[in-house]
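Student: Residue numbers (this note's numbering), protein chains in the order written: chain L, 1 to 349; chain A, 1 to 349.
By construction, these hints were calculated from the structure, which means they are not laboratory data. A portion of the hints provided could be inaccurate.
Put simply, identical chains are the same to the list, so a pair is met inside one copy or across any two.
[As the list claims (entries may be wrong)] Below, simulated DSSO-like cross-link-like pairs (lysine-lysine); rule was C-alpha separation at most 30 Å, straight line:
1. K58 / K74
2. K58 / K190
3. K120 / K74
4. K74 / K247
5. K116 / K74
6. K58 / K247
7. K190 / K116
8. K247 / K116
Just so we're clear, the structure is a prediction, and the values are computed from it rather than from any experiment.
2 protein chains.
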Amino acid sequence: MSHAFSLAIDAMGGDNAPDIVLDGLELAAERHPQARFLLVGDETRIGGLLARRPRAAKACMIRHAPDVISAEMKPTAALRQGRNSSMRIAIDSVAARESAGVVSAGNTGALMALAKIVVKSLPEIDRPALAAIMPSARGDVVMLDLGANVACDARNLVEFAVMGETFARAVLGLTTPSFGLLNVGSEELKGDDRVRAAADILRESHIGAGFHGFVEGHDITAGTVDVVVTDGFTGNVALKTGEGALKLMRDLLRQVFTSSVPARLGYLLARPALDRLREWMDPRRYNGAILLGLNGVVVKSHGGTDALGFAHAVDVAMDMVTHHFNDRIREGLSRLSTVPAAPLAPARP
Amino acid sequence: MSHAFSLAIDAMGGDNAPDIVLDGLELAAERHPQARFLLVGDETRIGGLLARRPRAAKACMIRHAPDVISAEMKPTAALRQGRNSSMRIAIDSVAARESAGVVSAGNTGALMALAKIVVKSLPEIDRPALAAIMPSARGDVVMLDLGANVACDARNLVEFAVMGETFARAVLGLTTPSFGLLNVGSEELKGDDRVRAAADILRESHIGAGFHGFVEGHDITAGTVDVVVTDGFTGNVALKTGEGALKLMRDLLRQVFTSSVPARLGYLLARPALDRLREWMDPRRYNGAILLGLNGVVVKSHGGTDALGFAHAVDVAMDMVTHHFNDRIREGLSRLSTVPAAPLAPARP
Numbered sequence: 001m002s003h004a005f006s007l008a009i010d011a012m013g014g015d016n017a018p019d020i021v022l023d024g025l026e027l028a029a030e031r032h033p034q035a036r037f038l039l040v041g042d043e044t045r046i047g048g049l050l051a052r053r054p055r056a057a058k059a060c061m062i063r064h065a066p067d068v069i070s071a072e073m074k075p076t077a078a079l080r081q082g083r084n085s086s087m088r089i090a091i092d093s094v095a096a097r098e099s100a101g102v103v104s105a106g107n108t109g110a111l112m113a114l115a116k117i118v119v120k121s122l123p124e125i126d127r128p129a130l131a132a133i134m135p136s137a138r139g140d141v142v143m144l145d146l147g148a149n150v151a152c153d154a155r156n157l158v159e160f161a162v163m164g165e166t167f168a169r170a171v172l173g174l175t176t177p178s179f180g181l182l183n184v185g186s187e188e189l190k191g192d193d194r195v196r197a198a199a200d201i202l203r204e205s206h207i208g209a210g211f212h213g214f215v216e217g218h219d220i221t222a223g224t225v226d227v228v229v230t231d232g233f234t235g236n237v238a239l240k241t242g243e244g245a246l247k248l249m250r251d252l253l254r255q256v257f258t259s260s261v262p263a264r265l266g267y268l269l270a271r272p273a274l275d276r277l278r279e280w281m282d283p284r285r286y287n288g289a290i291l292l293g294l295n296g297v298v299v300k301s302h303g304g305t306d307a308l309g310f311a312h313a314v315d316v317a318m319d320m321v322t323h324h325f326n327d328r329i330r331e332g333l334s335r336l337s338t339v340p341a342a343p344l345a346p347a348r349p
Numbered sequence: 001m002s003h004a005f006s007l008a009i010d011a012m013g014g015d016n017a018p019d020i021v022l023d024g025l026e027l028a029a030e031r032h033p034q035a036r037f038l039l040v041g042d043e044t045r046i047g048g049l050l051a052r053r054p055r056a057a058k059a060c061m062i063r064h065a066p067d068v069i070s071a072e073m074k075p076t077a078a079l080r081q082g083r084n085s086s087m088r089i090a091i092d093s094v095a096a097r098e099s100a101g102v103v104s105a106g107n108t109g110a111l112m113a114l115a116k117i118v119v120k121s122l123p124e125i126d127r128p129a130l131a132a133i134m135p136s137a138r139g140d141v142v143m144l145d146l147g148a149n150v151a152c153d154a155r156n157l158v159e160f161a162v163m164g165e166t167f168a169r170a171v172l173g174l175t176t177p178s179f180g181l182l183n184v185g186s187e188e189l190k191g192d193d194r195v196r197a198a199a200d201i202l203r204e205s206h207i208g209a210g211f212h213g214f215v216e217g218h219d220i221t222a223g224t225v226d227v228v229v230t231d232g233f234t235g236n237v238a239l240k241t242g243e244g245a246l247k248l249m250r251d252l253l254r255q256v257f258t259s260s261v262p263a264r265l266g267y268l269l270a271r272p273a274l275d276r277l278r279e280w281m282d283p284r285r286y287n288g289a290i291l292l293g294l295n296g297v298v299v300k301s302h303g304g305t306d307a308l309g310f311a312h313a314v315d316v317a318m319d320m321v322t323h324h325f326n327d328r329i330r331e332g333l334s335r336l337s338t339v340p341a342a343p344l345a346p347a348r349p
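Required output: the full structure, derived from the provided sequences and hints.
Tutor: If you want it as structure tokens, here you go:
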């Protein structure tokens with residue numbers, strides 16, 4: 001099925017919208033010359049900005065949206081009152097099959113709620129999940145769920161594994177990605193009924209060959225597996241804990257390198273190598289959280305990112321559109337005949 | 001109540017026992033001149049080592065134990081077959097009220113199981129929890145549970161909060177420690193029934209003034225609160241994820257500083273400041289996981305630590321003994337009249 005637009009873009013979402021969105025699209029249009037974007041937002045404002053960005057201007061069509069969903073708006077309010085918002089009109093375009101996907105840097109809760117209700121889940125999926133790519137000692141790692149579902153049962157975890165494995169093949173380009181279930185220990189008897197039941201199903205499934213078994217918190221950054229699968233509560237806490245630890249280390253290093261004249265000089269000498277490290281870990285290179293399991297591609301850019309970061313979120317969405325990601329997920333899930341429809345273990349409350 | 005020994009020491013637990021245990025005690029005996037230790041293990045081996053450590057020799061009495069619980073032994077096997085092990089005999093001494101506490105660098109699962117069954121929980125406590133102290137941008141932070149209970153209900157979380165708050169007062173010496181419940185967001189409506197019910201009770205409790213509300217993963221290393229309270233599944237994953245992120249950063253910095261001649265030179269210039277940072281983050285300074293909520297002080301040293309790290313685990317245990325930590329926990333829990341005996345929300349499966 002072909003769409004009129006590759007992606008609908010919420011031009012008004014994020015801290016510095018619409019300017020950085022337009023700057024990001026100027027970069028994205030260069031990287032994806034075939035892409036067509038539906039740019040949704042305040043016609044007058046984005047029209048003026050677009051006129052000064054020649055590549056984006058060629059790739060975009062503007063659709064007017066009079067309202068904006070603010071960062072503070074509750075998801076329920078966004079659903080009720082946001083019908084004329086840029087985010088909603090962009091999402092409507094995906095639901096109407098006019099656009100293959102949507103990218104927004106706006107309110108995360110509102111985007112997840114609107115996407116689930118308007119775009120809807122794939123029929124094979126019980127619950128969509130939020131995924132992201134992050135750096136590890138052995139290359140990029142996909143982790144999910146990062147907070148879309150605080151309560152998950154064994155069936156949800158199995159579905160997340162199938163979606164994550166497919167994502168690693170489609171977007172990271174791996175032939176046989178390895179994946180693991182996050183747990184408190186790596187031995188088979190560790191953890192709760194939920195993770196043990198999910199492990200039993202995965203071991204017997206068509207993707208069983210790539211199943212590493214249980215992994216622990218330190219395995220995420222060690223890159224022990226390509227895909228780390230967990231519930232949204234644990235995944236959200238783990239993601240933010242890891243980010244917090246890296247931030248602590250960066251702040252302490254900044255203090256170290258300004259603590260004395262020799263330390264400052266040392267920094268200058270090591271700077272090219274330190275800059276390469278900073279570039280490698282640049283959060284903009286990992287911008288773009290992906291809501292998997294919907295009838296369309298939905299990517300959330302960080303609200304505070306810049307043009308480079310927004311362009312990266314567009315890259316991720318374009319990869320998923322180009323590789324017919326959702327068709328591949330549906331194919332994968334249809335092979336999971338062993339997953340019973342009812343939860344195998346009670347969901348986390 | 002006074003005990004014949006401040007602490008019983010499992011002389012045979014850990015990767016380099018009994019040597020590093022004896023070296024650690026030599027340091028500990030200097031720091032705690034009033035302490036008396038019951039040293040449990042192979043009489044011949046530890047007798048010879050003790051003879052060459054004059055301070056430890058004065059502070060220790062040896063009790064023979066013919067067996068050792070190996071690192072691989074399952075907790076159930078340790079319970080059945082470990083009756084003549086150094087770990088078990090040390091724990092028996094706490095249960096008999098002969099020693100106020102125990103320190104072991106041996107098998108964690110066995111230590112937790114033996115301590116729970118032999119030393120037993122305080123009558124006011126439903127489940128003991130594993131706690132540790134860790135560095136943050138704003139000083140030391142206590143986190144619990146780190147894996148003793150993968151399934152926790154609201155009542156467990158409330159008890160963990162009382163124990164953690166008491167620990168921060170007794171061991172970190174804070175007058176009014178702040179504490180928070182780990183969640184996927186800081187707003188009151190975030191998370192599951194379990195954390196919301198626990199938050200409602202804590203807000204109304206006698207320690208309510210110190211309750212910060214919900215905290216997120218990045219708040220752990222930011223030092224937003226003095227005590228981070230969570231279930232054992234999430235806590236274990238968060239702890240190991242944070243450690244993993246710091247390890248990744250250390251490994252990458254090592255690569256940076258050996259990547260070129262100028263970078264090596266830069267390292268040498270910044271080295272005094274980098275060494276101070278390394279010292280500040282030294283895992284040995286944070287060695288000693290504490291099993292809280294038992295009829296005695298139980299501290300687990302990391303199995304691979306050295307004498308300095310083992311001595312630090314002894315410091316933590318001695319602080320708890322000196323400050324009558326368990327009496328203070330019991331006092332705090334007796335004031336928690338609002339906690340119903342039955343779980344308020346279903347436990348995580």
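Student: None of the hints should be skipped; say for each whether it holds.
Tutor: Hint check:
Neither within a single protomer nor between protomers do K58 and K74 lie at most 30 Å apart by alpha-carbon distance, with minima of 35 Å and 66 Å respectively. Proximity of K58 and K190 under a CA criterion of 30 Å is satisfied in neither setting, with 56 Å inside one chain copy and 43 Å between copies. Taking CA atoms no more than 30 Å apart as the test, K120 paired with K74 passes inside one copy only; the shortest distance there is 19 Å, against 47 Å between copies. In this homomeric assembly, K74 and K247 come within 30 Å of each other (Cα to Cα) only inside a single copy, at 29 Å, whereas the closest approach across copies is 38 Å.
Taking the shortest Cα distances, K116 and K74 sit within 30 Å of each other inside one copy (15 Å), while across copies they are farther apart (45 Å). Taking identical chains as interchangeable, the C-alpha atoms of K58 and K247 are never at most 30 Å apart, the minima being 39 Å within one chain and 46 Å between chains. Taking the shortest Cα distances, K190 and K116 sit within 30 Å of each other only across copies (18 Å), while inside one copy they are farther apart (33 Å). In the homo-oligomer, the alpha carbons of K247 and K116 never lie at most 30 Å apart, since the shortest distance is 32 Å inside one protomer and 37 Å across protomers.
Of the hints listed earlier, those the structure fails to meet are numbers 1, 2, 6, 8, in rising order.
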